[in-house]
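**Student:** Now for the letters of each chain:
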Amino acid sequence: MINNLENLGKQTRSSFTKLGRGSFFLLQAVSGTLSVLPRPRLLLNQLYSVGVLSFLIITISGLFVGMVLGLQGYYTLSAFGAEESLGVMVATSLVRELGPVVSALLFAGRAGSALTAEIGLMKATEQLSGMEMMAVDPIKRIISPRLLAGLLAMPLLAGLFSAVGIIGGELVGSGLLGLDEGAYWSQMQAKLDFQDDIVNGMIKSIVFGFVTTWIALFEGYDAIPTSEGVSRATTRTVVNSAFSILGLDFILTALMFGEH
Amino acid sequence: MDNSAPPLNSLVSVRNLSFSRGNKKIFDDISLDFERGKITAIMGPSGTGKTTLLKLIGGQLCPGHGAITVDGQNVHQLRRTELYKLRKRIGMLFQSGALLTDMNVYDNVAFPLREHTHLSESMIRTLVLMKLQAVGLRGARELMPNELSGGMARRIALARAIALDPMMILYDEPFTGQDPISMGALAHLIKSLNNTLGLTSIIVSHDVHETSLIADYIYVISEGRVIDQGTPTAMQQSTSAWTTQFMTGAADGPVHFHYPAKDYIDDLLSSGKRY
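Listed in order, the protein sequences are those of chains A and B. As numbered in my numbering, the first sequence has no gaps in its residue numbers, which increase by one up to the final residue, 262. As numbered in my numbering, the second sequence has no gaps in its residue numbers, which increase by one up to the final residue, 282.
Chain B extracted, bound-state conformation:
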């Protein structure tokens, strides 16, 4: 693949990345660029390592080969303190929200502010209420995480992710398991936060429709490689059989419906061992 320098306006660039878990190769020499100020989506079927890619970008995992630079810094060559410094500028929204279950909503959003700043409680209160207002949940500040619906938990987690005014937010499957209303609300929120706060967003998702609506650029990944890439419109018109199957959600295609097995008729007629 290409060893070329990343484009000038890319905030995150992944170069010739390979990563394996045990004997299973998750990524095989892939290169991706994430432009500043844009929403870039990484799409692909479940189990292709999309979440792993976010963990690699955040420095929680180390690649076997290749490099990832975030704002000009090679993530995996940073010392621990420098990595933590960089992470303060990155927000991450986990699939489950990852709210701290022993604190209420207010304290969860205040958590990064209390850990990393020496602001007074009155200042923290103002900031927390502003962030909660941005996600529409200022009124829910007294609730505990177990009293929130899945969609609300993710919005609170989003408020927490923007608490330190990061330069970039990583979204891990933000739409999974959401009802249509909260899915729409989240998509709108991601788009508007990205534009109003001047963020860069990376969304990992397999929800084609919602993601296509808000993404500026899409990478489709499967079996450790980038299968296709382009703007959402270009992806809809793609001639690649793989992309078409993924975008339309067809049951069979390059990704087979059936798990590899021997011939069906032979299998039925054979007197194999009983299960």
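The shape of chain A in the complex, shown without the other chains:
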């Protein structure tokens, strides 16, 4: 009993210590972003590896999610004779929820785990220490450009996911099930609100991008510098990012759409 309590206390304390270290790390990384601005090349390289390399998985997943939404939505809506609303249904689900959330989950799996592994290996192979000894701050040189890249790439990827998903829904709706193409697009145009739907979805994806990149970078930087330590850190990145994305999504949805 006492032992269990002691363990609980220890774990709680270490979680809070880690949170403290993570917050301090974030503070340093954010303040380091200013030094990235005069060197856009650092940012562009990271935008490529975080953003462009996630392009394929986001596009394909977006297309399939949209197609499934089209299929499911059509069957449900046609029961009420409301299949013309398919466009609104697909677009709203994607722009408000599935776009930001699913693309963030995919981003955590594709780019987040890669970031953790990269930073963790740099630590394990003394590259970060080496930089420090060369009087180069690894936070400014390595971490800050990646944080900025994650922050910029995530909303763009979520936008891409939603756009491709809407096309996927249209392909199934009008291509496969014979829904009128004009109805699909015009209903969507009429009902989708820029502020309520698109801006809120974008805010979500910015928040998810920031949190996921922070988790990925910190887990890598804080990893035990061995191969086992790095592999554990990579797993933690994906798990913690998924929890954070889903938890934050609930909070953000409640705040954004609560009064409706």
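Keep in mind that the hints were calculated from the coordinates and are not lab data. In this text, a Cβ means the ideal position worked out from N, Cα and C, and glycines have one as well. You may find that some hints are simply not true.
Said to hold, decoys possible - Quick list of in silico lysine-lysine cross-link-like pairs, DSS-like style, CA-CA up to 27 angstroms:
(1) B:Lys32 with A:Lys12
(2) B:Lys31 with A:Lys20
(3) A:Lys142 with B:Lys95
(4) B:Lys269 with B:Lys62
(5) B:Lys62 with B:Lys31
(6) A:Lys20 with A:Lys142
(7) A:Lys20 with B:Lys32
(8) B:Lys31 with A:Lys12
(9) B:Lys62 with B:Lys45
(10) B:Lys62 with A:Lys142
(11) B:Lys62 with A:Lys20
Stated by the list, open to error - What the simulated footprint calls covered on chain A by chain B, stretch by stretch (three residues with Cβ under 8 angstroms from a Cβ of chain B suffice, anywhere in the stretch; the number is not a length):
(12) 18 to 24
(13) 117 to 130
Got chain A sorted already, so can you dock chain B onto it with the hints?
**Tutor:** The following block gives chain B in isolation, referenced to the frame of chain A:
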């Protein structure tokens, strides 16, 4: 130990240094001096904190007690910008080489020049080729770090360490895991760079033979204290049982072959728990 002022010509002096990691005491009140222009070796068995000592000198770790001065500056009282300024004058060769894996050899050597100077690319090219020529790897400039052998990686890392013309180089186990040829090449390189560039070198190593050949002075450290010190010749003739065991590589001696355990016969005969 001594609180005396460091000798006038010492570039690095460690005074009454204590350092612990958790409950384990790594250094217990040790004092060392590293003379300008000389190669000083710190030797001792694995796990005695030799690398930790280099990290303390480079200001990456803070001592629990005591002071380390480098060129008259107390490393651990410096502000961050001053510490970085000092580090630009110190080169460090890590055990693994610590080359940046996403850049080729040329860019790795150019890295400190690009970060810290505003030299033109043509000037940087000249400097990089000169440094690579000094380590004999000018022809390898297009290779990526994963295409290099361990010995080559360390030589490239050495070229990078001298890129900013430092006053001192810290070597962390430069000979570990090297074949005899690259070990000899590295030892020759360390000696010749030290002499031609007027550097001060600190080598942390447990390779007795190679280190004795090039070092001007040796400190032997074990269990957090300086066990013995002197020139390589003096160390070979040392009467200390510990130093003799270390220098000759005897399996048993003051450092026991067996990990502490209860009596062997008792252990065999007892019906203890199964593993």
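**Student:** If a hint holds in the structure, say so; if it does not, say that too.
**Tutor:** Results of checking the hints against the structure:
1. Straight-line distance between C-alpha atoms of Lys32 of chain B and Lys12 of chain A comes to about 23 angstroms, which keeps the hinted pair within the 27 angstroms bound.
2. In summary, the hint linking Lys31 of chain B to Lys20 of chain A is supported, as the alpha carbons are separated by about 23 angstroms, within the 27 angstroms threshold.
3. The hinted pair formed by Lys142 of chain A and Lys95 of chain B meets the criterion: a straight-line CA distance of about 17 angstroms does not exceed 27 angstroms.
4. Between Lys269 of chain B and Lys62 of chain B the CA atoms are separated by roughly 37 angstroms; this puts the pair beyond 27 angstroms, and the hint is violated.
5. Using a Cα cut-off of 27 angstroms, the hinted pair Lys62 of chain B and Lys31 of chain B holds, with the two alpha carbons roughly 17 angstroms apart.
6. Taking the CA atoms of Lys20 of chain A and Lys142 of chain A, the gap is near 21 angstroms; set against the 27 angstroms cutoff, the hint holds.
7. For a cut-off of 27 angstroms, the pair hint linking Lys20 of chain A to Lys32 of chain B stands: about 25 angstroms separates their Cα positions.
8. Of the pairs offered as hints, the one joining Lys31 of chain B and Lys12 of chain A holds, with about 20 angstroms between alpha carbons and a cut-off of 27 angstroms not exceeded.
9. Restraint check for Lys62 of chain B and Lys45 of chain B: the C-alpha separation of about 20 angstroms stays at or below 27 angstroms, so the hint holds.
10. Distance check on the hinted pair: Lys62 of chain B and Lys142 of chain A sit about 21 angstroms apart at the alpha-carbon level, within 27 angstroms; holds.
11. In summary, the hint linking Lys62 of chain B to Lys20 of chain A is supported, as the alpha carbons are separated by about 24 angstroms, within the 27 angstroms threshold.
12. Coverage of the segment 18 to 24 of chain A by chain B is violated. Counting CB-CB distances below 8 angstroms, 0 residues qualify, and the rule asks for three or more.
13. Note: the segment 117 to 130 of chain A has 5 residues with beta-carbon separation from chain B under 8 angstroms; the three-residue rule is met and the coverage holds.
In summary, the numbered hints that this structure violates are 4 and 12.
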